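Residue numbers (our numbering), protein chains in the order written: chain A, 1 to 337; chain B, 1001 to 1312.
No lab work stands behind these hints: they were computed from the structure. As the structure is a prediction and not an experimental result, all values here were calculated from the model. Backbone N, C-alpha and C define an ideal beta-carbon position, used for all residues, glycine too. Please note: incorrect hints may appear among the correct ones.
Far from chain A, some chain B residues (derived; all Cβ distances over 10 Å) [as the list claims (entries may be wrong)]:
id, residue
1, V1025
2, H1086
3, A1104
4, N1114
5, D1145
6, V1146
7, A1149
8, V1167
9, L1170
10, Q1173
11, G1175
12, V1184
13, A1211
14, I1297
15, I1306
Restricting the straight-line Cα-Cα distance to at most 27 Å, the calculated cross-link-like pairs of lysine-lysine (BS3-like) are [what the hints assert, rightly or not]:
id, chain 1, residue 1, chain 2, residue 2
16, B, K1148, A, K109
17, A, K310, A, K256
18, B, K1142, A, K109
19, A, K30, A, K332
20, A, K294, B, K1148
21, B, K1154, A, K109
22, A, K259, A, K234
23, A, K188, A, K234
24, B, K1142, A, K294
25, A, K109, A, K30
26, A, K234, A, K217
27, B, K1142, A, K138
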Amino acid sequence: MSFRVKLLSVAAIGLCLSAGSALADTAASKIALSNNYAGNSWRQAMLKSWEKVAGQAVKDGVVAEASAFTTSENQVTEQAAQIQNLILQGYNAIVINAASPDALNGAVKQACDAGIIVVSFDGIVTEPCAWRIAVDFKQMGAIQLDYLAERLPEGGDLLEIRGLAGVFVDDAIHSGIEAGVAKHSKFKVVGSVHGDWAQEVAQKAVAGVLPSLPEVKAVVTQGGDGYGAAQAFKAAGRPTPLIIMGNRQDELAWWKEQKDANGYETMSVSIAPGVSTLAFWVAQQILDGKEVPKDLTVPFLQINQADLEKSLETTEKGGVANVEYSLEDSQKVIAGK
Amino acid sequence: MLPVFLNAQLLRSALPALSLGVLLVAIFIIQPNAMSYFGLNLMLQYAVPIALATLAQMFVITVNDLDLSIGAFVGLVACIGATYLHDTPGLGLLMLAGCIVVYAGMGALIQLRNLPSIVVTLGMSFVWLGIAVLILPTPGGKSPDVIKALMALKIPAVPFPIVAAVVIALIVQAGLMHSSYGAVLRGAGGNPKALARAGWSMLQIKMAMFALAGFFGVLSGLSLIGLTTSGDAHIADRYTLYSIAGAILGGAEFVGGRVSPVGAVLGALTLTLTGSFLIFLRISPDWQIGAQGAILIIVLALRALISRGERR
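Throw the hints in and build the complete structure from the sequences for me.
If you want it as structure tokens, here you go:
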């Protein structure tokens, strides 16, 4: 079986080399999305983007199939089994948003050995045979402090809202914020809570810690928690600090409301869920025989005061500000531009 | 009505094997690719740690208790395995042995203080998870090469997971069902008072069963990191439910002493294959958990029907 797949992929690559054109060569290829979690607005938007862009690609005959598979709970063992089943189903490429950077390596290696192209994004895998489309989460934490240093030159006390404990994304953003605080030493983190990237959790956590805190100048966040934080400050009767937002629609709507009422200024940063479509095109390009570096970096999506209205307009209620990638956009990312 | 009675009993013990068979045939029809050495190997690999965890759960169910901490415990073992066992094998082994001792202590506590096992094990599950997160705050580590090599073993003709499952099932079957001490252990679940009167120490028996459960939990965790190649504190959160469902699917009952090691292993295989089956069927992820539950309920309903026939 694995030999046959290998042979097929060798034949496919040979075909690509001889034909050389862009699209037709992957027309018989099947790409699967293996996703570990679908329980928040970001992941829902990610799946929707995949459906839209990959679905269109199937209609246009770029690839034969592009199905999405989600495990019912965020579990490593389930996703590993899912990947193994996808290998059996004869997919040519598997695009993964992984539950764990390391623990899926066994299954990923098996897929590679079977001649399958594996592209991981957002939640990346460390297995060397796979491609990685990573977000510089650390930088996402650091730029928040850079922005704050510009806005509040005299510094002040900060409240940090972290994500889900034990997930590496939370650690990465947190270390970025730590590095930012070290760089801009006028700022001091006086409180830190886990908001689990969810408004309700963040609101409860912030409300719980507020009474013990001095006046907070600004709140650094990880996305999905800004609106909840604002509500907690309001309920406690404290002045609203500068809260960094995370591109969620409710956050943007609140920001707009404040902006109209009292000229509130902040910025918003997160990863566009459409990164799944970038991963799709990268997989397609690799199947097409293109040289693609193993490690790609995807820019995050930053919304500034001036872009607020436009972003809010294009963001669905309950959704996340998004960018979907076209084949051309993806080729630019691959080329490192 | 004697023939019907016999028939029902036979059917009852054959049910785990039958449900596994039906599922396998269905998978082979939908996905002919699966009917190969490579396919079976892939589909059943993750059944080995689940089968071991299911046996651990079965030991606890044997003495009328329930272990809600096995998933977190397997996660802890995975973390120890991917860190200490890899870097300093001696210390790693010592820690794993310590884990088993704590497990036996859990049995002693339940017996001595007459506490509900659900409460004690639920509490301990947080302790296990806490230690696991302390050892490995973020996923990572490396599993020892010996374990990796063992789990990737390629045996000619029959895939390794099947051989492993058969060997494990037969060993436990022989020990628990066909040895005299095994009969005592099972009796401790069926009628503890009678056993205590006959001079057996219930404390010893409970500790032995929980130690066995801990031992199989360790095996489960180690085999799991052999497959994943690295550890994660949350790697086996699902195993608590899987192990209970697997044991029950395999013919165990919550009235103590009624268990079947071979059935438990078959139950674990069935559970694992259910996942593959649903993916092959392309059932939308939103429905998968429900569909998995439905398959469980169908098998259990069949058993209830047979049991009713048995009683008449």
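Verification of the hints:
1. V1025: 16 Å, holds
2. H1086: Since the minimum Cβ distance to chain A is about 13 Å, H1086 of chain B lies beyond 10 Å and the statement holds.
3. A1104: 27 Å, holds
4. N1114: Its Cβ never comes within 10 Å of chain A, the nearest being 35 Å, so this holds.
5. D1145: 13 Å, holds
6. V1146: 15 Å, holds
7. A1149: Since the minimum Cβ distance to chain A is about 12 Å, A1149 of chain B lies beyond 10 Å and the statement holds.
8. V1167: Given a closest Cβ separation of 22 Å, the condition holds.
9. L1170: Consistent with the label, L1170 of chain B stays out of reach of chain A, its closest Cβ about 25 Å off (over 10 Å).
10. Q1173: 26 Å, holds
11. G1175: Non-interface label on G1175 of chain B holds, nearest chain A Cβ at 27 Å vs cutoff 10 Å.
12. V1184: Holds: least Cβ distance 35 Å, greater than 10 Å.
13. A1211: 25 Å, holds
14. I1297: Since the minimum Cβ distance to chain A is about 17 Å, I1297 of chain B lies beyond 10 Å and the statement holds.
15. I1306: 30 Å, holds
16. B:K1148 x A:K109: 13 Å, holds
17. A:K310 x A:K256: 11 Å, holds
18. B:K1142 x A:K109: Given that 27 Å is the threshold and the Cα spacing comes to 15 Å, the pair holds.
19. A:K30 x A:K332: OK: K30 of chain A and K332 of chain A at ~23 Å, within 27 Å.
20. A:K294 x B:K1148: 25 Å, holds
21. B:K1154 x A:K109: With Cα atoms ~16 Å apart, K1154 of chain B and K109 of chain A stay inside 27 Å; holds.
22. A:K259 x A:K234: Roughly 16 Å between the alpha carbons, so the hint for K259 of chain A and K234 of chain A holds.
23. A:K188 x A:K234: This hinted pair holds, its Cα atoms lying about 22 Å apart.
24. B:K1142 x A:K294: It holds: about 22 Å lies between the C-alpha atoms, which stays within 27 Å.
25. A:K109 x A:K30: Measuring from Cα to Cα gives roughly 19 Å; hence the hint holds.
26. A:K234 x A:K217: 14 Å, holds
27. B:K1142 x A:K138: This hinted pair holds, its Cα atoms lying about 24 Å apart.
Checked against the numbered hints given earlier, this structure breaks none of them.
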